[in-house]
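Kindly generate the complete structure, drawing on both the sequences and the hints.
Going down the list, the sequences are from chains A and B. My numbering puts the first residue of the first sequence at 1, with every later residue one more than the last. My numbering puts the first residue of the second sequence at 1, with every later residue one more than the last.
Be a bit skeptical, because a hint or two may be false.
Copies of the same chain look alike in the list, so a pair counts if it works inside one copy or between any two.
[What the hints assert, rightly or not] Computed list of lysine to aspartate or glutamate pairs in EDC-like fashion (alpha-carbon distance at most 20 Å, straight line):
id, residue 1, residue 2
1, 208, 301
2, 270, 69
3, 99, 284
4, 199, 236
5, 208, 320
6, 308, 265
7, 308, 205
Hint data in this document are derived by calculation from the structure and do not stem from the laboratory.
2 protein chains.
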Amino acid sequence: MRDIRISFNDLLELSAKVLEKNGFPRSKSAIAARVLVEADARGIHSHGVVRLKRYIFEKNQGFIDPNAEPAILYETPVSLVIDGNKGLGQHVSIFAMQKCIKKAQTSHICFASVRNSNHFGIAGYYSELAQIHDMIGISMTNTYPLVLPTNGLQPMLGTNPIAVCIPSLAAPFNLDMATSVVPRGKIEVYQRSAKSLPKGWALDEYGKPAVNASKVIQNFNNHSNGGLLPLGGDGEMYGGHKGFGLAMLVDLLSAGLSLGQWSRETYTEKAGGVCHFFGAIRIDAFGDPYEIKAHVHQIIDKVCKSTKIDGREKIYFHGEKEMATRALSYRDGIPLPSELLEELRGLC
Amino acid sequence: MRDIRISFNDLLELSAKVLEKNGFPRSKSAIAARVLVEADARGIHSHGVVRLKRYIFEKNQGFIDPNAEPAILYETPVSLVIDGNKGLGQHVSIFAMQKCIKKAQTSHICFASVRNSNHFGIAGYYSELAQIHDMIGISMTNTYPLVLPTNGLQPMLGTNPIAVCIPSLAAPFNLDMATSVVPRGKIEVYQRSAKSLPKGWALDEYGKPAVNASKVIQNFNNHSNGGLLPLGGDGEMYGGHKGFGLAMLVDLLSAGLSLGQWSRETYTEKAGGVCHFFGAIRIDAFGDPYEIKAHVHQIIDKVCKSTKIDGREKIYFHGEKEMATRALSYRDGIPLPSELLEELRGLC
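Okay, structure coming up:
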């Protein structure tokens, strides 16, 4: 496959058109396109416009209701429970995150637990929305179960990412991490290049280290036993129970608090049922925002300027690589396989 | 070393007496003793009464001011910044967590960022305090730098634990995890038994996998390069950048928001300077607390009852092992090395 570069705005227009031509309303199409193109621009292609075909499929299957509007089920000055009503994940998530930011403007802090939504793209997009308001942003989601609990043989949890963005005088700290060792997309990359998987990423259907990427994907698709390992790997020797705990935490905040479907129960009926959790916290709830951002910057800066191991590239802070890639994508265009662009054009 | 069993209450009394006889006021001694004995009762002996000698040493060195009272520097209805004034970590932390719970009773949510404190024991003790109020409890702390950033050779971050406790109809979910692969205590256990360290726990002063536990401890003590690896291990292959990110997150919330000393700058002057972060969130901010706790319980229960890998013990939820050990400790006494008990008696 040959990569060609397409400008950010052209890809945005193309992606929105793909959704519009396939039955999604204009405004929602634009929102979903934006979040997907942001992923590609940052180099996270597994969560980019490659997903458009899947969204159309899920709409046609009745999982996504393209016209649905999210509804607030419950609220206090500092909290929200939102029903996504099977809407587009990006639309539901922007609604929820914007409500959090708005309420935090008055109440300093707001959290939202969201049920009955769909795939929302990259978690880090939403956490980052808060920082221009001098707020810490938090974003999590459960998802289709692919991850094994520590000592377990059945995939019970999603790759359940956690994103937290903290404002700084310079670029913000934006941690966006799947709570598994690797996401599904990494296994697919190894499948395409027919490489053996490193031991410690996934287990096979007998609970042994999986080395065959195709077999792992086949197990995912057949709902068989085996699956991805939580961050920290197999058992407790390297802290696998910690990754398992973080994945559980995401499910309990997303699905637990909203009374929604937890990972294992997503995609079981005619709805994705995906649940999210968002938060916004004004940093001036803790003092002068300038001083706090200066201190945050100083900590990040000192860590990144500490001595690196000989032969290693650099000490990156979280979000740094993605922002560097995004800047290049803006200047030079976003590299995407020509076949994917052809396919998207065909969908219009 | 031979372990003998001492009753929970006897150990509590002995530990409080050790502090009292060494210049700590009665009420603060009782609080610190309680948190330390809770650690031993749960089997987390590295954070138990073995620390008493160190607290006395730190008091004598001027790091801990035994009579200090924490002060509120800044507050909103949902937030607090607290100066520990070099006080006993447990006293400062109970003060902060209780304030969070009290303010959350009115405002639904409260977070506290705390500076200028000292070692606080097990993070999970404080997160757990919120659950009897039907609140989610959060507790984090930075600490002495032992952990390497991804690609870094200098220990810049503490083992920076994160604890989150979520109420359930049955026992709560209480995740309490160092953000390094293993805590310092695990290296000490290998040192005592002269065993080689598993590769992936620590790096030596050249950035190579460390196998000699004594050398790793020596590097800690000499402030040399090398140190513990973040959760996920060396580099990015197994997600080490995620553990590094979680450790950073703890420092930014604890030291960043309170303008306190981050891990690398703790214990640099005549103060520990340790910073904590606490939170309390009423679950009825998201709906009926009974329904939420029932749903949380159901999720935990289904995960734990899923098929386990042949030959593995059990799928544990977070906090389950500690509570089982605690129940045995209550019934049969807490097992401790006889030499340690002798030493404590000698300190009275």
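Item to complete: Enumerate the violated hints, using their earlier numbering and listing them in ascending order.
Response: 1 and 5
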